[in-house]
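Protein sequences appear in the order of chains U and R.
Per our numbering, the first sequence starts with residue 1, numbered consecutively.
Per our numbering, the second sequence starts with residue 1, numbered consecutively.
Ranges of calculated distance between the beta carbons of each label pair, as one might list FRET restraints:
(1) R:Val43 <-> U:Glu349: 48 to 54 Å
(2) U:Asn214 <-> R:Asn255: 26 to 32 Å
(3) R:Val43 <-> U:Cys43: 42 to 48 Å
If you are wondering where the hints come from, they were derived from the structure by calculation, not from laboratory data.
The C-beta atom is built at its ideal place from N, Cα and C for all residues, glycine as well.
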Amino acid sequence: MNTLRERYNRKIFEWSTLGKSQFLLFLSLGLMSFNLSALQIMCHIDLFNKELNITQTQHAVMVGVIYCLSCLLLGILGWGLPNKKRSMAVYLYSHVSLAVYNFGNVLLMLMYGLLTMLMGVSFSGGLILGLILLGHKKTVFSLCFLIVSTAASFYAYQFGHIQYAYVMAEAETNNNLTWTVLIILNTMPHIVCLLYFAAQSTDAWRERERNIVNLSMLDPMTHCYNRRYLMEQAEEQIAHCLSSGESISVIMTDIDYFKKVNDSFGHEVGDQVIQYIARVLKNNIRRVDILSRYGGEEFCILMRNCNQDTAKLISERCRIQVQYTPLETDDQSIPLTASFGVITVTDEEIKKHQLSGYDLISYADRALYQAKKSGRNKCINAILSDMQPI
Amino acid sequence: MQTSHNNQTAIKASKRTLQRSTFDLINWPDYKKSQLVYTVSGVLGIYASFMLIFAWLFFETRIGNNLNVNMWLRAIFLSMVYGLSSLWMSAYGKRFYNHEYAAPKWYIGSSLLMFTLGNILALTFLGTFAVVAGVALSGAPMIGMLLFDKRAVIPPLVIGMALSMLWFFATYFGVAEYALILDNSSIRHENTAWLFLNLSITIPQMVSIFYIAWVYVDLWKLREQETMRLSQTDPLTQMANRRFFMSELDEQFRNTRNHPICLLMMDLDHFKAINDTYTHQVGDFVLQEAAQVFKNHVLHETHLLSRHGGEEFCLLMTQTSLEDAYRQANKLRLAIKNHTFEYIYKGENVTVDMGVSIGIHTWPAATEETSTTASLLSGADSALYQAKRTGRNKVCCATRGDVTQNTLDEPTQ
Chain U
1 MNTLRERYNR KIFEWSTLGK SQFLLFLSLG LMSFNLSALQ IMCHIDLFNK ELNITQTQHA
61 VMVGVIYCLS CLLLGILGWG LPNKKRSMAV YLYSHVSLAV YNFGNVLLML MYGLLTMLMG
121 VSFSGGLILG LILLGHKKTV FSLCFLIVST AASFYAYQFG HIQYAYVMAE AETNNNLTWT
181 VLIILNTMPH IVCLLYFAAQ STDAWRERER NIVNLSMLDP MTHCYNRRYL MEQAEEQIAH
241 CLSSGESISV IMTDIDYFKK VNDSFGHEVG DQVIQYIARV LKNNIRRVDI LSRYGGEEFC
301 ILMRNCNQDT AKLISERCRI QVQYTPLETD DQSIPLTASF GVITVTDEEI KKHQLSGYDL
361 ISYADRALYQ AKKSGRNKCI NAILSDMQPI
Chain R
1 MQTSHNNQTA IKASKRTLQR STFDLINWPD YKKSQLVYTV SGVLGIYASF MLIFAWLFFE
61 TRIGNNLNVN MWLRAIFLSM VYGLSSLWMS AYGKRFYNHE YAAPKWYIGS SLLMFTLGNI
121 LALTFLGTFA VVAGVALSGA PMIGMLLFDK RAVIPPLVIG MALSMLWFFA TYFGVAEYAL
181 ILDNSSIRHE NTAWLFLNLS ITIPQMVSIF YIAWVYVDLW KLREQETMRL SQTDPLTQMA
241 NRRFFMSELD EQFRNTRNHP ICLLMMDLDH FKAINDTYTH QVGDFVLQEA AQVFKNHVLH
301 ETHLLSRHGG EEFCLLMTQT SLEDAYRQAN KLRLAIKNHT FEYIYKGENV TVDMGVSIGI
361 HTWPAATEET STTASLLSGA DSALYQAKRT GRNKVCCATR GDVTQNTLDE PTQ
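All chains, full assembly: derive it from the sequences and hints.
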């Protein structure tokens, strides 16, 4: 029972092929039994039964009941099958259920006329939902099945084997109330189901994709952006800077003597330190700035529309915050400091030196190197004209 | 520089695999997708008017009074106007090219509406419950859900429903004929012109809808795989990242209760010094080279190599005994030791000598206390720490909860 609940408590989009096939079977069971009961009721109402051919209706109902029963049996059979991905039984089962679903549509078309809304719904809506849920191979199979069976019934009626709209007394005339009601009753639930499940699936898909994209942008340990995203953003910001004339700042940070921390307390504490520094930095930058983990214990902050004074202020604030709030672990407090290298460039400088995103980061890296060399726990604001070109 | 370009080309290459397919529908901005919808409905409208002319020429003389000639001419004219205006709307979208993010909502919203209106126009001529009605009410909204969003579908769906209901009542109470192009007295399904028109108008519609959905869904799946891959790899070294490694470790732990798992933790010796004496560029280069060396020496498919962070790499080996793991670790250590890391730094050829320290932990260990992934990791970590403390460039194994150095004899080189 638990596995059953697990199988069905998620959105249909995430079900296994087996679950989806069962869903199709029960959907066709529901639609057909709805149709049959409507038809049976209308046979007993005076307003409608004049326009129905009662004997042929009873034949149709019999066929419909057999169809419903086979849907039910096949649906129940599904629970006996192994729920595996690459199993032959599931492969066959899914194709059979597709054929059954489409055969139900063809049966309805035979009952009420081929060239009606029923055809439109099964040939466009049904197939698109198939594409979303089952992929194109199975959908092409069901398309072929639909085309063949529709063509067969078309010829059957063309050569007089079967009446055009089988259950109707007088094949479709204008202002035929019974026919109209039956068509509406048969298409509307189908359309509603198709639209509902399509909306649910596309929503689930969009959300899942958003999650994956987020994952591919973030660093798994610190949950700040990763280097890939930083490089992409750096190029984008440079393009933005050239068009808007704002200046960009890049801050490069490195935790001082991190190796010592790592060696004396172990990697686990080292990880904690990195996470802690990431948190501190995140709390002290502006919301538009992009904080990313550049390497082991290095962080890079990309700041758009940020002049030299602002960059100086922010880097100094981060440095002081790091220095005066030691990391408290379970049994000790670890004092930490960090060094900061800052570079600010204007759009003219970018144009003049043809700077790329990577160049900006390497300049900031050099400033960081100076900060390290001149005694750590420092912020060094580099000026582009003083530095050697890369 | 070099590292950056490698990285950038990797990202670009992955994007290119996505764009290789026929037309890159999924990455189009919304205005361009709307242009597509306008174009499709415009072409279908013009096509429908040609089909009407064709059917008129062929079937009118044969069936004679079954057709309503006035309405037939009007239908030709209207579908031509509809098709041309749709095409004009599609061309109108060109002006959003330069500011695609600011394409107005009405333009995007009305594209689906235009498609539905074309269907409504067709159903007034062919009959309220003709095949087009089914396409208008199920296929068109579903294409809208795929291309845009489920909210974009509401206006065309509601307006389409309302108009077709309106038209149904108009025909039912005798305000208008059921199928305008037919004569009142004819039986529809025996009228060859009607059959022909019904099929020739709706089949291309269904085919175009189906094709768009097909391409879109396939591209979507491809893009999802690609982003999934990106989220699992480390950008610098292109091997598995920490997140994927941890989930895989959990998975292995849950599934292979009876098989031994070995975990190797590898740390490059004195890597910090390279970063400090040269720059991070050289550091990145060394990391990439080392990753390549590791990749070349891990041949088994089921072994998972990952960059755990910084200069730390992990190797997960399933169904491997401790002896095999130890041999593998030594192979890796020697490979790094014998590899020459050459780099041009400030015009000079720099050769860096690297060593690697490796800690091994295995599960199930002699004692059953290592029952979580965390303890497996920390065991390997402490073995690594032991290797570092006792002189680096060596392999250590952790067993029985504590670390014993070199439980196995070091094999001869």
